[in-house]
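A.B. asks: Could you build all of it, start to finish, from the sequences and the hints given here?
What follows is each chain in one-letter form.
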Amino acid sequence: MGTDSALLPSAFSDLEPYAQAWCLPTENQRFAKRMSSSMDEMESFYNAAFPRLEEAKAYLDELDVHDLPGDAENLMHMMFSLIIVSFPIELWRQPAVPDAGAAEIVCWLEAPL
Amino acid sequence: MARYPKPAEGSWTEHYPELGTGPLSSEDSISPEFYELEREAIFKRAWLNVGRVEELPRKGSFFTKELVAAGTSVIIVRDMKGEIRAFHNICRHRGNKLVWKDFPGEETRGSCRQFVCKYHMWSYDLDGALNTVPQEEEFFDLDKAIMGLLPVHCDVWAGFIFVNVATEPSQTLTEYLGPMVLALSDYPFHEQSDRYAFRATVGSNWKLFMDAFQEFYHAPYLHGGQTPTKFTNMIRQFGFEAPFYKLEGPHRVVSTGGVRGEDQPEDMIKPIERKLRSGLFGPWDHADLSIENEQDIAGVNPSGANPWGLDSYQVWPNFVILIWAGGWYLTYHYWPTSANSHVFESSLYFVPPKNASERLAQELALVSFKEYGLQDANTLEATQKMLETRVMSEYVLNDQEVLCRHLHKEVANAVEEYKKETQGAIV
Ligand code: FES
Ligand SMILES: [Fe+2]
Numbered sequence: 003m004g005t006d007s008a009l010l011p012s013a014f015s016d017l018e019p020y021a022q023a024w025c026l027p028t029e030n031q032r033f034a035k036r037m038s039s040s041m042d043e044m045e046s047f048y049n050a051a052f053p054r055l056e057e058a059k060a061y062l063d064e065l066d067v068h069d070l071p072g073d074a075e076n077l078m079h080m081m082f083s084l085i086i087v088s089f090p091i092e093l094w095r096q097p098a099v100p101d102a103g104a105a106e107i108v109c110w111l112e113a114p115l
Numbered sequence: 002m003a004r005y006p007k008p009a010e011g012s013w014t015e016h017y018p019e020l021g022t023g024p025l026s027s028e029d030s031i032s033p034e035f036y037e038l039e040r041e042a043i044f045k046r047a048w049l050n051v052g053r054v055e056e057l058p059r060k061g062s063f064f065t066k067e068l069v070a071a072g073t074s075v076i077i078v079r080d081m082k083g084e085i086r087a088f089h090n091i092c093r094h095r096g097n098k099l100v101w102k103d104f105p106g107e108e109t110r111g112s113c114r115q116f117v118c119k120y121h122m123w124s125y126d127l128d129g130a131l132n133t134v135p136q137e138e139e140f141f142d143l144d145k146a147i148m149g150l151l152p153v154h155c156d157v158w159a160g161f162i163f164v165n166v167a168t169e170p171s172q173t174l175t176e177y178l179g180p181m182v183l184a185l186s187d188y189p190f191h192e193q194s195d196r197y198a199f200r201a202t203v204g205s206n207w208k209l210f211m212d213a214f215q216e217f218y219h220a221p222y223l224h225g226g227q228t229p230t231k232f233t234n235m236i237r238q239f240g241f242e243a244p245f246y247k248l249e250g251p252h253r254v255v256s257t258g259g260v261r262g263e264d265q266p267e268d269m270i271k272p273i274e275r276k277l278r279s280g281l282f283g284p285w286d287h288a289d290l291s292i293e294n295e296q297d298i299a300g301v302n303p304s305g306a307n308p309w310g311l312d313s314y315q316v317w318p319n320f321v322i323l324i325w326a327g328g329w330y331l332t333y334h335y336w337p338t339s340a341n342s343h344v345f346e347s348s349l350y351f352v353p354p355k356n357a358s359e360r361l362a363q364e365l366a367l368v369s370f371k372e373y374g375l376q377d378a379n380t381l382e383a384t385q386k387m388l389e390t391r392v393m394s395e396y397v398l399n400d401q402e403v404l405c406r407h408l409h410k411e412v413a414n415a416v417e418e419y420k421k422e423t424q425g426a427i428v
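Protein sequences appear in the order of chains L and Z.
Per my numbering, the first sequence runs over residues 3 to 115.
Per my numbering, the second sequence runs over residues 2 to 428.
Keep in mind that the hints are not guaranteed to be accurate.
So the derived label-pair ranges between C-beta atoms look like this [claimed, not checked]:
#: 1; chain 1: L; residue 1: Asn49; chain 2: Z; residue 2: Pro152; range: 41 to 51 Å
#: 2; chain 1: L; residue 1: Asn49; chain 2: Z; residue 2: Gly72; range: 46 to 56 Å
#: 3; chain 1: L; residue 1: Glu92; chain 2: Z; residue 2: Asn356; range: 23 to 33 Å
#: 4; chain 1: L; residue 1: Gly103; chain 2: Z; residue 2: Gly149; range: 47 to 57 Å
#: 5; chain 1: L; residue 1: Thr28; chain 2: Z; residue 2: His154; range: 35 to 45 Å
#: 6; chain 1: L; residue 1: Gly103; chain 2: Z; residue 2: Arg391; range: 23 to 33 Å
#: 7; chain 1: Z; residue 1: Ser194; chain 2: L; residue 2: Glu92; range: 39 to 49 Å
#: 8; chain 1: L; residue 1: Gly103; chain 2: Z; residue 2: Arg237; range: 16 to 26 Å
#: 9; chain 1: Z; residue 1: Glu395; chain 2: L; residue 2: Ala50; range: 48 to 58 Å
#: 10; chain 1: L; residue 1: Thr28; chain 2: Z; residue 2: Gly72; range: 33 to 43 Å
Cut-off 16 Å, straight-line C-alpha distance, at most; resulting in silico cross-link-like pairs (EDC-like, lysine to aspartate or glutamate) [stated by the list, open to error]:
#: 11; chain 1: Z; residue 1: Lys82; chain 2: Z; residue 2: Asp128
#: 12; chain 1: Z; residue 1: Lys271; chain 2: L; residue 2: Glu92
#: 13; chain 1: Z; residue 1: Lys276; chain 2: Z; residue 2: Asp286
#: 14; chain 1: Z; residue 1: Lys276; chain 2: L; residue 2: Glu57
#: 15; chain 1: Z; residue 1: Lys355; chain 2: L; residue 2: Asp69
#: 16; chain 1: Z; residue 1: Lys355; chain 2: L; residue 2: Asp63
#: 17; chain 1: Z; residue 1: Lys355; chain 2: L; residue 2: Asp66
#: 18; chain 1: Z; residue 1: Lys60; chain 2: Z; residue 2: Asp29
#: 19; chain 1: Z; residue 1: Lys421; chain 2: Z; residue 2: Glu67
#: 20; chain 1: Z; residue 1: Lys276; chain 2: L; residue 2: Glu56
#: 21; chain 1: Z; residue 1: Lys420; chain 2: Z; residue 2: Glu41
#: 22; chain 1: Z; residue 1: Lys355; chain 2: Z; residue 2: Asp289
#: 23; chain 1: Z; residue 1: Lys231; chain 2: L; residue 2: Glu92
#: 24; chain 1: Z; residue 1: Lys420; chain 2: Z; residue 2: Asp29
#: 25; chain 1: Z; residue 1: Lys231; chain 2: Z; residue 2: Asp268
#: 26; chain 1: Z; residue 1: Lys45; chain 2: Z; residue 2: Glu28
#: 27; chain 1: Z; residue 1: Lys276; chain 2: L; residue 2: Asp63
#: 28; chain 1: Z; residue 1: Lys276; chain 2: L; residue 2: Glu92
#: 29; chain 1: Z; residue 1: Lys410; chain 2: Z; residue 2: Asp29
#: 30; chain 1: Z; residue 1: Lys355; chain 2: L; residue 2: Glu64
Since the hints were derived computationally from the structure, they do not count as laboratory data.
Where is the CB? At the ideal position from N, CA and C, for every residue including glycine.
C.D. replies: This is the structure in structure tokens:
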């Protein structure tokens, strides 16, 4: 870890195994990833990332949120993924919100980071 | 026992006696004939919000809007003088749709110096004037001066762009909005310039979705799975009550009390919400607005609730402005496409975040919004399907559903009015 191929800042190298899967830049990608993941996969990610959320916030808050370096931006996107998997992990025990099988709401515009 | 005082008449509904208290017919949500009347009586006459001025940042910025129910597509553009104008999206030569990209039925946006028709390359200035016509000399008596784009009435209030496709609108936009909505004029909408936009195609009548978002009676039940069991049980025990409802003309507002995140015990709130200080109601920490206290604005927190939750303004016919206590707002639009389908749009607006913590709090708010919305949207299709069976022809509404009653009454009134006028014209 901490090699040239690292996606995350070195202080977060423990999360590197989840980076490929969860450093996703758009809501569409994060939502699709959640829907196609098993609860076990999400549980493992959540258990690793949630305890680091406080430190991630502190690390990112030292930087300009509108001009994050690449590795910090990846960390930000990973924390966005943590938010989106927190719903099934903390409450539903299934990837999709209950009673919403047929509905689809597309996020077509996000404010740029 | 009511937690909040009700009007002297005993209920919000009876405070407006013209509403009655009886059951309502579900026919207006399922009848294709009624939908056709709504198009004429409502959508071809009303001022329709199509977006905000921030969507047209420069001279030449434009976007198109498919107004299926009003029977047209419009172009909204900021012209070379900086003025915002609207035109029917049709070329004056042989009627081709003027502005579109790849898919004629899809909306588009961008920036340009003139509009050029794809078919025979007629070009129009941004103020609508016909500019060039290839092989002009081949035409007969072509008077370019009267062949400009067909204008649509367009006006702006508080940064919201409205259009009206009537030949001559019966009211100006200001008259139309009326004092209750105009009381929001000074709210700093423009400072909340970070926009997140959502769209859904929903298999229900447009009014059914409006109803889902103009009553909160359903929230503890339909959305019970969104909060820890202990919290859900508590709110189910108390049910939902709003401290304030108001109707004015065809518009209506509900204002609610709120909850302070930090006041909630550990087991009543999700871990992610505690860590990020945010949730469905938005960031717990109030956004930095230029005004000291937005509640000093007459239209904001009209009942003086403390803590205050939100104000949801239902602007006739299909536009909602929902102002949250935390200093952010969202809009809803319900664009009918048939008696049992519509396009639902929502935009969430935040003050640009100062740091990552603020951005993460906003992310949790907007993801929460979508998860709740998915439950609402799905339920509507279930309602629509069963109403269409006509096994049941009427439904009942309680006092917390007073705004639903008002919407359906106003729609019925508008259709009646239209029928009277057109019958009068035939006789
Ligand atoms: S239809 Fe537009 S140029 Fe012919
Ligand atoms: Fe809802």
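A.B. asks: With reference to the structure, classify each hint as holding or not holding.
C.D. replies: Results of checking the hints against the structure:
no., hint, result
1, L:Asn49 <-> Z:Pro152: 41 to 51 Å, "violated, 60 Å"
2, L:Asn49 <-> Z:Gly72: 46 to 56 Å, "holds, 55 Å"
3, L:Glu92 <-> Z:Asn356: 23 to 33 Å, "holds, 25 Å"
4, L:Gly103 <-> Z:Gly149: 47 to 57 Å, "holds, 49 Å"
5, L:Thr28 <-> Z:His154: 35 to 45 Å, "holds, 37 Å"
6, L:Gly103 <-> Z:Arg391: 23 to 33 Å, "holds, 25 Å"
7, Z:Ser194 <-> L:Glu92: 39 to 49 Å, "violated, 31 Å"
8, L:Gly103 <-> Z:Arg237: 16 to 26 Å, "holds, 23 Å"
9, Z:Glu395 <-> L:Ala50: 48 to 58 Å, "holds, 54 Å"
10, L:Thr28 <-> Z:Gly72: 33 to 43 Å, "holds, 35 Å"
11, Z:Lys82 <-> Z:Asp128, "holds, 9 Å"
12, Z:Lys271 <-> L:Glu92, "holds, 7 Å"
13, Z:Lys276 <-> Z:Asp286, "holds, 13 Å"
14, Z:Lys276 <-> L:Glu57, "holds, 11 Å"
15, Z:Lys355 <-> L:Asp69, "holds, 12 Å"
16, Z:Lys355 <-> L:Asp63, "holds, 9 Å"
17, Z:Lys355 <-> L:Asp66, "holds, 8 Å"
18, Z:Lys60 <-> Z:Asp29, "violated, 43 Å"
19, Z:Lys421 <-> Z:Glu67, "violated, 29 Å"
20, Z:Lys276 <-> L:Glu56, "holds, 7 Å"
21, Z:Lys420 <-> Z:Glu41, "holds, 10 Å"
22, Z:Lys355 <-> Z:Asp289, "holds, 10 Å"
23, Z:Lys231 <-> L:Glu92, "holds, 14 Å"
24, Z:Lys420 <-> Z:Asp29, "holds, 15 Å"
25, Z:Lys231 <-> Z:Asp268, "holds, 7 Å"
26, Z:Lys45 <-> Z:Glu28, "violated, 21 Å"
27, Z:Lys276 <-> L:Asp63, "holds, 15 Å"
28, Z:Lys276 <-> L:Glu92, "holds, 13 Å"
29, Z:Lys410 <-> Z:Asp29, "holds, 10 Å"
30, Z:Lys355 <-> L:Glu64, "holds, 11 Å"
In summary, the numbered hints that this structure violates are 1, 7, 18, 19, 26.
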